[in-house]
Amino acid sequence: MSASPVYLDAATAAPLHPVARQALLAALDDGWADPGKLYTQARRARQLLDAARAAAAETLGVRPDELSFTPSGTAAAHAAVLGGLAGRRRVGRRLVHSAIEHSAVLHAAERHVADGGEATSVPVDRLGGLDVDVWAAAVRAPGVALAALIAASHEVGTLQPVSEAAAACADAGVPLYVDAAQAVGRVPVPGGWSVLSASAHKWGGPAGVGLLVVRKGTRWESPYPADERESGRTPGALNLPAVVAAAASLRAVAADAAAEAARLSPLVDLIRSRVAAEVPDVEVVGDPERRLPHLVTFSCLYVDGEALLHALDRRGFAVSSGSSCTSSTLRPSHVLEAMGVLSHGNVRISLHRETSAADVERFLAELPGIVAALRAEAGVVGL
Amino acid sequence: MPDEVLDCRGQRCPLPVIAVARRMPELPVGTVVRVLADDPAAAVDIPAWCRMRGQEFLGTVTGPDGPAYDVRRHH
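In order, the protein sequences belong to chains W and R. Its first residue numbered 28, the first sequence is counted upward by one per residue in our numbering. Its first residue numbered 208, the second sequence is counted upward by one per residue in our numbering.
Please note: incorrect hints may appear among the correct ones.
Unchecked claim - Some, not all, of what chain R presents toward chain W, calculated at C-beta under 10 Å: (1) R219; (2) C220; (3) L222; (4) I225; (5) A228; (6) L243; (7) D246; (8) A250; (9) D252; (10) P254; (11) W256; (12) G261; (13) G273.
If you are wondering where the hints come from, they were derived from the structure by calculation, not from laboratory data. Note that CB positions come from ideal geometry on N, CA and C, so glycine has one too.
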């Protein structure tokens, strides 16, 4: 008998929210025309787009004209970094970022450096929290065009001190970009930022929709060839049905966010305590308190991460890993590396609205045996 | 200088850590083992193993044999 599937990788992609499905299907019939044109079908598409923008902006507490939809969260992150740097190139060419940014942000930073720009990486502590003193000194340095901070670590869940970081940026006159991909729809995002990005499939919207918010007065310049759509911030025709579904589901998850956090956070506490107690030689990483409500990461000593993922998959559990053997680059997660915590045998669990206490219980019941079997197979028991 | 060299080049995570964990109890307290390991995960995992096991991580040395990690048996 095969085990029933338990999906525990919402931080990669949350299952499609029913509101998203409903809106998507409706908008497929109604929202196929180009909203920029001057005929009836286009006006209907324009209405849908305007309504989606208004809804998403209201949920995030920003003005509709500050918010653009992008073809993905990654595209939004690239545009946030490169556009924020381009808009202030006369001030300087330095980007300050935390060491635990998403790879989309780090790859944009690499592009900037390859083009002759400079980047300063600010370290985190063992729990994955930003070193605010180093950050404050870094943003005060001359020639800083932009600072980038992830709202909460996508790999270990640690909430970052966004308010303190924003205050340091304000003192230095440096705009702050916040990658809120894991926070939007889950936890409130502190203010004080100038640019923000998010990704719809992290909250239960469809893949292929990102959000880019550029606050009024921010000097941001598109890094792309000219295109008038989305206030000139992101080129190309949008996938309007997906945008409509993203906005509708964002409103739904934001309305439920506090209740969902209250339901999921104790399940994460349970995973943290039971994994630590019942799996020998395991390191549960990330901040136990200042954390996302739905995400937890741990590493099992002497266990091959890829083998662990496959063993869990055979038992029906879908999880993610920051171990090098599970990455296409064969490098360990830069987040685990920056924290100085064990990178092999790593598992990231991320819960969502369909995750039940029974799912978590079954995972916790089966994990110790799965890890023990892998250790026995590798001959590392008792090391 | 290390008392012993463990050549773990070509081994993927977590094999270099397993190698040092196997060898350490066979050596007297105070022995310094140099682990040669070219898997980038070793740079993270050998210091982390030392912290979890209460062994002493002395540092990373990059020489002609690639990256090496010095560990002293502490107990």
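For each hint, the structure was consulted:
A least Cβ separation of about 6 Å between R219/R and chain W falls short of the 10 Å threshold, and the interface hint therefore holds. Contact between C220/R and chain W, as hinted, is supported at the beta carbon level, the nearest pair being about 4 Å apart and thus within 10 Å. Hint status for L222/R: holds, given a least beta-carbon distance of 9 Å to chain W, under 10 Å. For I225/R, the suggested interface contact is upheld, since its CB lies about 5 Å from the closest CB of chain W, less than 10 Å.
Interface restraint check for A228/R: the shortest CB-CB distance to chain W comes to about 4 Å, inside 10 Å, so the restraint holds. For the restraint placing L243/R at the interface with chain W, the shortest Cβ-Cβ distance is roughly 17 Å, beyond the 10 Å limit, so the hint is violated. Interface restraint check: D246/R against chain W, minimum CB-CB distance 7 Å, threshold 10 Å, status holds. Against a cut-off of 10 Å between C-beta atoms, the interface hint on A250/R holds, since the closest Cβ of chain W lies about 7 Å away.
The closest approach between the C-beta of D252/R and any C-beta of chain W is roughly 5 Å, which is under the 10 Å cut-off, so the hint is satisfied. Look at P254/R: its Cβ gets to within about 7 Å of chain W, closer than 10 Å, so that hint holds up. Satisfaction of the interface hint for W256/R is found here, the shortest Cβ-Cβ separation to chain W being roughly 7 Å, below the 10 Å cut-off. Taken as an interface hint, G261/R does not check out: its beta carbon lies about 13 Å from the nearest beta carbon of chain W, beyond 10 Å.
A least Cβ separation of about 15 Å between G273/R and chain W goes past the 10 Å threshold, and the interface hint is therefore violated.
Hints 6, 12 and 13 from the list above are not met by this structure, while the remaining hints are.
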